[in-house]
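Throw the hints in and build the complete structure from the sequences for me.
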Amino acid sequence: QKEVEQDPGPLSVPEGAIVSLNCTYSNSAFQYFMWYRQYSRKGPELLMYTYSSGNKEDGRFTAQVDKSSKYISLFIRDSQPSDSATYLCAMSGGTDKLIFGTGTRLQVFP
Amino acid sequence: DVKVTQSSRYLVKRTGEKVFLECVQDMDHENMFWYRQDPGLGLRLIYFSYDVKMKEKGDIPEGYSVSREKKERFSLILESASTNQTSMYLCASSLPSDTKKLFFGSGTQLSVL
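Listed in order, the protein sequences are those of chains A and B.
Numbering follows our numbering, with no gaps: position 56 of the first sequence is 72.
Numbering follows our numbering, with no gaps: position 71 of the second sequence is 635.
Just so you know, the hints here were simulated from the structure itself, not pulled from any lab data.
Okay, derived cross-link-like pairs now, DSS-like style, lysine-lysine, Cα gap no bigger than 30 Å in a straight line: (1) B:Lys664 / A:Lys113; (2) A:Lys18 / B:Lys619; (3) A:Lys72 / B:Lys664; (4) A:Lys58 / B:Lys634; (5) A:Lys58 / B:Lys577; (6) A:Lys113 / B:Lys567; (7) B:Lys619 / A:Lys113; (8) A:Lys113 / B:Lys635; (9) A:Lys86 / B:Lys665; (10) B:Lys621 / A:Lys58; (11) B:Lys635 / A:Lys58; (12) B:Lys635 / B:Lys665; (13) B:Lys665 / A:Lys18; (14) A:Lys18 / B:Lys664; (15) A:Lys86 / B:Lys664; (16) A:Lys58 / B:Lys582; (17) A:Lys113 / A:Lys58; (18) B:Lys665 / A:Lys58; (19) A:Lys72 / B:Lys665; (20) A:Lys58 / B:Lys617; (21) B:Lys577 / B:Lys567; (22) B:Lys621 / A:Lys86; (23) A:Lys58 / B:Lys567; (24) A:Lys72 / B:Lys567; (25) B:Lys577 / B:Lys635; (26) A:Lys83 / B:Lys664; (27) B:Lys665 / A:Lys113; (28) A:Lys58 / B:Lys664; (29) B:Lys665 / A:Lys83; (30) B:Lys621 / A:Lys18.
Label pairs and their computed distance ranges (CB to CB): (31) A:Asp94 / B:Arg637: 37 to 47 Å; (32) B:Ser670 / A:Ser68: 29 to 39 Å; (33) B:Ser670 / A:Gln17: 29 to 39 Å; (34) B:Glu626 / A:Asp94: 42 to 52 Å.
Virtual Cβ for every residue (Gly too), placed ideally from N, Cα, C.
Have a look at this one:
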């Protein structure tokens, strides 16, 4: 079993939709949870970063962590075609090593 | 803005060749990393370095080595390229105080024939 599981998609939604992207994990030592966005032919860039459980909001993006269920989510409100990318979750515990999910490809069509 | 530059966007090599992938960052970051990215497998850590002359093995170091002679430059070396090393290679850097925030280069797509 992989430490981090992520549905690869693709997820195709119309412009303006609310998007929900999710990851599950097995290691209860994970405390730091990140979402990276990767555009085609580019490297990933950090989008959201949360510590422990709870919600964090940044503009149209909300990151949610439920440690009791070992489940994290990224919500995108009012999705735009420019949000079309692959979204990678990443996690770590007490070390600096990040464990990445395989990524979910999102397509937002006009 | 932090810039991480990888020397080649696409590279085609033959089996058995020695391959050098170069990465340079311009923000004086101590930490540098090499990952490979494969469909269905995600990003896997090959090697990382916390300082000049230092290197640590990641999860999949076999068949690779690294060199860090200067703080800004981190090189990945494939001693004898094999077809199973065909992949997208991504270099990243970070500050020691903020190791969860990785800055990635655009990647090198390596094909080994």
